[in-house]
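Chains Z and B, in that order, give the protein sequences.
Under our numbering, the first sequence is numbered contiguously, ending at residue 193.
Under our numbering, the second sequence is numbered contiguously, ending at residue 1260.
FYI, nobody ran anything at the bench for these hints, they're computed from the structure.
Glycine included, every Cβ here is placed at the ideal spot set by N, Cα and C.
Please note: incorrect hints may appear among the correct ones.
[As the list claims (entries may be wrong)] Straight-line Cα separation of at most 30 Å, BS3-like style, residue types lysine-lysine; simulated pairs:
| hint | chain 1 | residue 1 | chain 2 | residue 2 |
| --- | --- | --- | --- | --- |
| 1 | B | K1134 | Z | K85 |
| 2 | B | K1164 | Z | K85 |
| 3 | Z | K62 | Z | K101 |
[As the list claims (entries may be wrong)] Covered by chain Z, according to a simulated footprint, are these stretches of chain B (three or more residues, beta-carbon under 8 Å):
| hint | region |
| --- | --- |
| 4 | 1159-1171 |
| 5 | 1194-1208 |
| 6 | 1240-1246 |
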Amino acid sequence: MAELQLLGSLPRAELHERVRGRMAELGGALRIIGEDLLGADAPIDWVAVDAQGQVAVILLGKAGTELELIATGLAQRAWVSARLKDWLQLAPNLGLRAEAKVRLLLIGTAFDGIARQAASALGDTVELWTYRCIRNGAGVDVLLERVCGGKAPNPDGRRSRPPLPATTSAFRSELSDAQLGLGAAERAEFEDG
Amino acid sequence: MPRSLEDVLHFFLPELETEGAGAPRRSRGSAHPIVGVPIGDCDVVRAAFVWNLAVELSRAGAPATVLAPAAGDTSSLWPDPGRGPMGSELVLTFADGMADLARAAVDLAQTRAAESPAAPGIVFVRLAPAWLPKAADAGALLGRVLLFTSPDSRDLLETYALVKRIVALAPVSTVGVTVHGVRSVREAREAFSRLTAASERHLFRALVSYGLIVDDLHVYRSILNRHAVGLAHPQAAASRSIGEVARLLLGDLVREVPRG
Chain Z
1 MAELQLLGSL
11 PRAELHERVR
21 GRMAELGGAL
31 RIIGEDLLGA
41 DAPIDWVAVD
51 AQGQVAVILL
61 GKAGTELELI
71 ATGLAQRAWV
81 SARLKDWLQL
91 APNLGLRAEA
101 KVRLLLIGTA
111 FDGIARQAAS
121 ALGDTVELWT
131 YRCIRNGAGV
141 DVLLERVCGG
151 KAPNPDGRRS
161 RPPLPATTSA
171 FRSELSDAQL
181 GLGAAERAEF
191 EDG
Chain B
1001 MPRSLEDVLH
1011 FFLPELETEG
1021 AGAPRRSRGS
1031 AHPIVGVPIG
1041 DCDVVRAAFV
1051 WNLAVELSRA
1061 GAPATVLAPA
1071 AGDTSSLWPD
1081 PGRGPMGSEL
1091 VLTFADGMAD
1101 LARAAVDLAQ
1111 TRAAESPAAP
1121 GIVFVRLAPA
1131 WLPKAADAGA
1141 LLGRVLLFTS
1151 PDSRDLLETY
1161 ALVKRIVALA
1171 PVSTVGVTVH
1181 GVRSVREARE
1191 AFSRLTAASE
1201 RHLFRALVSY
1211 GLIVDDLHVY
1221 RSILNRHAVG
1231 LAHPQAAASR
1241 SIGEVARLLL
1251 GDLVREVPRG
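So here's chain B without its partners, still in its complex pose (with noise of 0.2 Å):
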């Protein structure tokens, strides 16, 4: 008779390598990067970037699972959980903490990892900001994270916040900017300047920029019918800015981890 959850886990595990029966399930070396993404409860905007973004990297051929508390309603951020577009996730998850989410992520990016050892793939995971404080043995969601913003003063204030909570967490994460909800390069440009120049007198750090996504009502129509824009309107402006911004984290990502 079962007597924990891990005795019966194997039935909703994938099978993987069946090498002997003291083989492991999977290999622990290999894994999807993971890139943690604060985002408040009600943060429809930033939930839709991750998703869009998520479909964008899938339809690169860099699978993309987006892992998010269960916690809470949900549904205003996701849509429904399981297989989205082009082989893009959502996963939700009842970790209740920061260690929690961290050992869910870093299970999923093992398990995604196995699957399909020779293709990339990312796995996003959704912080909740209030779990933050409480992260210091969640090292595994913060050592890169991804930040969006829009050019707005009161958004760069707290994405600045959100910088320096990540940074005195993780002091050597690497920590990456979208600005969001621009209409020009330059706008974009001079808002990551502004953030950055922050970060570095500051706090000593330099962030990495991830390109902008150009205010386009496509982006806000693609969030209220919950389609990937990228899909309903690939001509879109906005379409091709995420599309972007998903070749410039996947290209960092590939480059940096090692495929075991």
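Bound-form chain Z, shown alone (with noise of 0.2 Å):
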């Protein structure tokens, strides 16, 4: 068996790919709609969204910075809440649910207490994450372990999923189907198949 060692961290551009590969780990079957994604003022290393539809924001930190990343998670979360609509209407095919709070998972190297304290008086919408770099042999390896927050998955592994909000409208123009005014002759124009 290959000795295994501690490793302090990897060079960014390959931690970012490491944690990447485990994303799994962070629960809700999350899957990546946007990297390194330009927010407020600052990138956000991924944008994801869960099998339920619940968009994550997901933030990799440096070592000594958990408290900056907190507050950096918070306005990058209000950023992305900010556009949630937007980017349903440009990608209905996302099956993004908009008006549920968006997750935040900040992944560091360690949080101390105070951390601890203020991610927990945010909500559980809130999760702390520590990583660790491994070196497995002759390859490296990184472990992410949730250190608060976040809802503990049901006994047989999915989330429960809020009923979908009832549709206004399918048009963007925001007319209803009894409002376009169409006869069934002018309907069947625009048929499939």
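With the hints as a guide, bring the two chains together.
Right under this line is the structure:
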């Protein structure tokens, strides 16, 4: 068996890549929809959406800047939240639930008591995670561990999905089907197949 | 003491001809052409196309102004009002109906024409679709209308419905269509053909094609970042296609509108 060795850290780009590969461990079957996206005056490492349509903002922090990471995370979450309805229009196939609170996942090397209390006070949608870099023989791996925040998944591993809001109109003009004022022959012009 | 807004309006409007005390402030015969564009309250996509078109037209030498009602949450649709890149401009109006909006649009079109009588220019007016049924006295806004549609069948159906409304209100209106979100010229051509064929069959009206806007990530980034795609990514396919739409529109407007 190869000897395991704890590494201090990795170059940023490599760390980014390794954490990206471990995204599944963050829960919710996250699917990345944005990477290195310029958010509130700084890049957001990842924006992801889970199987239920809840959006997550994920930030990878630097050692010693955990409290700053929490503040930055809140700003970036606000930036993303304000744009969800626009994104939903641009890419309806992403299945975003714009009305759901955005998860904030902050990944750092260590979070002290103040950082944990601050995150806990912000509610379950703010999650703190730590990463550890481990050399395993010739390879390097990253371990992710939840510190606080987030809800335990259901026994079957899935989150319960709240009912979708009633759709008032499928049209960008916000006219309803009835308001279009079209007859059957006109509608038939635009039926597929 | 001022008694009404008209008494003080001259403080806010640009000073023009000063040929005499009795001279009209501006020539009523000259106005930039007005292009109405139906855009829903949350339709950031079409709003972004209009804003990008305005920038492209301005870059092509035809300063374009976008006039939009200030009612509701306009911050999600538009950049900050005022002068924008290349001489483009966004003006918000407190009009709360089509008649008010038409008056504001005509006033703006005349003012901008008087400011630069030698240059062509365009005023885009955002038409709230919910206001269209009450547009009987808003002919100025419906003389030329530009619609954006994707090739998606639901989008085409909605666009056709808008054409029907516009034609019912303004039978001599020129209705142009730009197909967006396409990956090929063929896809755009098929979508436009489907739309104009239906319009000719049921409304007895042909539509005017104003090109296409390709499905390009730069467009969506531009929408999110509130940057004109033509300035941020001039070599992008979307920039070139928006530029082409601007040239088509400008070509038609310059040919049709006599400069006074």
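Against the structure shown, which of the earlier numbered hints fail to hold, in ascending order?
-> 6
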